[in-house]
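Undergrad: One-letter residues, chain by chain:
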Amino acid sequence: MEITLTVNGTEFTRDIEPRLSLTQFLREHLDLTGTHIGCDTSGCGACTVTLNGDAVKSCTILAVQANGSEVTTIEGMAKNGEMHPIQAAFKEEHGLQCGFCTPGMVMVAADILKHNSKPSEEDIRHGLKGNFCRCTGYHNIIKSIQHAAETINK
Amino acid sequence: MIPAKFDYIKASSVNEAVNLLDEHGFDAKILSGGHSLIPAMKLRLNRPEILIDISGISGLNTIEETGSEVIIGANCTHTQIVNSEVIYKNVNILKQAAETVGDVQVRNRGTIGGSLAHADPSADYPAVVLACEAKIEVEGKKGKRTIDAKDFFVGIFTTALEDDELITAVRFPKVAHGNYQKFYQSASRFAVVGVAVVHDGSGVKVGVTGVADTPYRATAVEKAYKNNNDSDAAEHAVDGVEVMEDHFADAEYRTHLAKVMVKRALEA
Ligand SMILES: Cc1cc2nc3c(=O)[nH]c(=O)nc-3n(C[C@H](O)[C@H](O)[C@H](O)COP(=O)(O)OP(=O)(O)OC[C@H]3O[C@@H](n4cnc5c(N)ncnc54)[C@H](O)[C@@H]3O)c2cc1C
Ligand code: FES
Ligand code: FES
Chain A
1 MEITLTVNGT EFTRDIEPRL SLTQFLREHL DLTGTHIGCD TSGCGACTVT
51 LNGDAVKSCT ILAVQANGSE VTTIEGMAKN GEMHPIQAAF KEEHGLQCGF
101 CTPGMVMVAA DILKHNSKPS EEDIRHGLKG NFCRCTGYHN IIKSIQHAAE
151 TINK
Chain B
1 MIPAKFDYIK ASSVNEAVNL LDEHGFDAKI LSGGHSLIPA MKLRLNRPEI
51 LIDISGISGL NTIEETGSEV IIGANCTHTQ IVNSEVIYKN VNILKQAAET
101 VGDVQVRNRG TIGGSLAHAD PSADYPAVVL ACEAKIEVEG KKGKRTIDAK
151 DFFVGIFTTA LEDDELITAV RFPKVAHGNY QKFYQSASRF AVVGVAVVHD
201 GSGVKVGVTG VADTPYRATA VEKAYKNNND SDAAEHAVDG VEVMEDHFAD
251 AEYRTHLAKV MVKRALEA
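Residue numbers (our numbering), protein chains in the order written: chain A, 1 to 154; chain B, 1 to 268.
Warning: the hint list may mix true and false statements.
[As the list claims (entries may be wrong)] Below are the DSS-like pairs computed for lysine-lysine, each with C-alpha atoms no more than 25 Å apart in a straight line:
hint, chain 1, residue 1, chain 2, residue 2
1, B, Lys29, B, Lys141
2, A, Lys118, A, Lys143
3, A, Lys114, B, Lys29
4, B, Lys259, B, Lys95
5, B, Lys95, A, Lys114
6, A, Lys154, A, Lys143
7, B, Lys29, B, Lys174
8, B, Lys89, B, Lys144
9, B, Lys42, A, Lys129
10, A, Lys129, A, Lys114
11, B, Lys223, B, Lys150
12, B, Lys95, A, Lys118
13, A, Lys118, A, Lys154
14, A, Lys79, A, Lys118
15, B, Lys95, A, Lys129
[To be verified] Only part of the chain A face toward chain B is listed, based on derived beta-carbon distances under 10 Å:
hint, residue
16, Pro18
17, Gly38
18, Ser42
19, Asn80
20, Met83
21, Ser117
22, Leu128
23, Gln146
24, Ile152
Derived by calculation from the structure, the hints in this document are not laboratory data. We put the beta carbon where it would ideally sit given N, CA and C, even for glycine.
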């Protein structure tokens, strides 16, 4: 089946099987391997991207369901060689160790900050319920998102 | 994990979806948010040959207010429910429950129609629709009909929907005072026990999910509360109910949780 979607501002048309997940589509058909597969069962959030602006778990979306939509992946966050403020904040606050969960964390953080420009620690923890990190213990991830909020609000 | 092969059709109207269901019978399945169906298909617990995507049908994702009701389209996502001013003001208990569903990403995709049709015994909305005495609007080959919440859930993952029917909307009467209490299964965030209590002029209506294989109205609690107006009525939370057991909670612990959650919801 032929689908057309806009990923990080560029339109792509591909002929795919309906059973292909959006994660596989991004990784295998567009070579955008920044979107990770952790659990592949909607539990860990590593595969989070935004679909028409909302954070979603791309392992639990069929690529055909995204036909006609706009997708942003971690590769689309930096602009003109400059890291997105959320990415810069993760670097600054040591919000990552191995980095496997980080693309998903950054994409869900974008959703949290879109709805709430000054999230409290509790708001952030609530927003991260669907994202697992096996390394950091979350504290620095929360600090990173708070830091990003400050930068963006400046 | 990759699902078995299927054909995908995007329906543009309720009529088209109903005709496709009628034509393909058991081989076809409706796809809404996909957040129950796709995981089941990946595990190959489900192998539909045809998926009928209803997410693009216009008119199924609106929230409307009438004099006495709030009418929620089947395709409204949990996030839409959380953010709706109309629901916040008129059916606050539904917003409370929606906020507890899964996580942000799940709430951005999963829908009220999908959740009700799926009838997971640990899903949150069933408790709320029972306590609110909501009405489920469905449409099939024979036309439209309305199913009372109390008649909708007939067993584990089983509803009163016919094979050719789909949910189009859920009608909630306006509810002034209601409370939803949930004990989370800490990994999946589904309810081990979820309790919805709605106060009306004469007493309470209590819906319970997660405790039995089918969500139920705790009528024994309602009666006891009416007599004494006392939250000790919660002791009757599982009267006449066969309590589920799994590796998260055995029957004794689940019974205890049910009583505690009913009490909290009554006192809230
Ligand atoms: C990680 C995770 C955590 C979750 N946590 C919770 C939780 O805490 N509480 C909770 O209640 N739920 C939870 N869920 C389930 C979630 O709410 C689902 O979105 C919901 O149960 C199904 O809605 P859907 O739109 O995704 O349905 P789909 O997956 O598209 O469909 C589910 C079933 O309903 C049928 N269907 C869909 N729409 C209709 C319709 N309009 N008419 C007739 N049949 C229809 C489909 O054919 C299918 O059989 C969780 C899911 C995930 C992945
Ligand atoms: S890979 Fe999608 S949630 Fe884990
Ligand atoms: S940094 Fe390793 S999983 Fe989060």
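Undergrad: Does each hint fit the structure? Answer for all of them.
TA: Status of each hint after checking the structure:
Between the alpha carbons of Lys29 (chain B) and Lys141 (chain B) the distance comes to roughly 15 Å, so the proposed pair stays at or under 25 Å and holds. Proposed proximity of Lys118 (chain A) and Lys143 (chain A) is supported: the alpha carbons are some 13 Å apart, at most 25 Å. With a C-alpha separation of about 34 Å, the suggested pairing of Lys114 (chain A) with Lys29 (chain B) is violated against the 25 Å cut-off. At most 25 Å may separate the alpha-carbon atoms for a hinted pair to count; Lys259 (chain B) and Lys95 (chain B) meet this at roughly 23 Å.
The hinted pair formed by Lys95 (chain B) and Lys114 (chain A) meets the criterion: a straight-line CA distance of about 20 Å does not exceed 25 Å. A threshold of 25 Å between alpha carbons decides the hint, and for Lys154 (chain A) with Lys143 (chain A) the separation of about 17 Å falls inside it, so the pair holds. Note on Lys29 (chain B) and Lys174 (chain B): the hinted pairing is violated, with a Cα-Cα distance of about 32 Å set against a maximum of 25 Å. Only pairs whose Cα atoms come within 25 Å are accepted, and Lys89 (chain B) paired with Lys144 (chain B) is rejected, the gap being roughly 29 Å.
At most 25 Å may separate the alpha-carbon atoms for a hinted pair to count; Lys42 (chain B) and Lys129 (chain A) meet this at roughly 23 Å. Simply put, Lys129 (chain A) and Lys114 (chain A) have alpha-carbon atoms about 17 Å apart, close enough for the 25 Å limit, and the pair holds. For the hint pairing Lys223 (chain B) with Lys150 (chain B), the CA-to-CA distance comes to about 17 Å; that is within 25 Å, so the pair holds. Taking the CA atoms of Lys95 (chain B) and Lys118 (chain A), the gap is about 22 Å. The hint holds against a cut of 25 Å.
A C-alpha spacing of about 12 Å is found between Lys118 (chain A) and Lys154 (chain A), which places the hinted pair at or below 25 Å, so the restraint holds. About 23 Å separates the Cα atoms of Lys79 (chain A) and Lys118 (chain A), which keeps this hinted pair within 25 Å; it holds. Using a Cα cut-off of 25 Å, the hinted pair Lys95 (chain B) and Lys129 (chain A) holds, with the two alpha carbons roughly 18 Å apart. Hint status for Pro18 (chain A) relative to chain B: holds, with the closest Cβ pair at about 4 Å, below 10 Å.
Nearest Cβ of chain B to the Cβ of Gly38 (chain A): about 13 Å, over the 10 Å cut. The hint is violated. At a threshold of 10 Å, the smallest CB-CB gap from Ser42 (chain A) to chain B is about 6 Å, leaving the interface hint in force. About 29 Å separates the beta-carbon of Asn80 (chain A) from the nearest beta-carbon of chain B, more than 10 Å, and the hint is not met. At its closest, the beta carbon of Met83 (chain A) sits 23 Å from a beta carbon of chain B; the interface hint therefore is violated under the 10 Å criterion.
For Ser117 (chain A), the shortest C-beta to C-beta distance to chain B is roughly 16 Å, which exceeds 10 Å, and the interface hint is violated. Satisfaction of the interface hint for Leu128 (chain A) is found here, the shortest Cβ-Cβ separation to chain B being roughly 8 Å, below the 10 Å cut-off. About 17 Å separates the beta-carbon of Gln146 (chain A) from the nearest beta-carbon of chain B, more than 10 Å, and the hint is not met. Evaluation of the Ile152 (chain A) hint against chain B yields a violated restraint, the C-beta minimum of about 18 Å exceeding 10 Å.
The earlier numbered hints that this structure contradicts are 3, 7, 8, 17, 19, 20, 21, 23 and 24.
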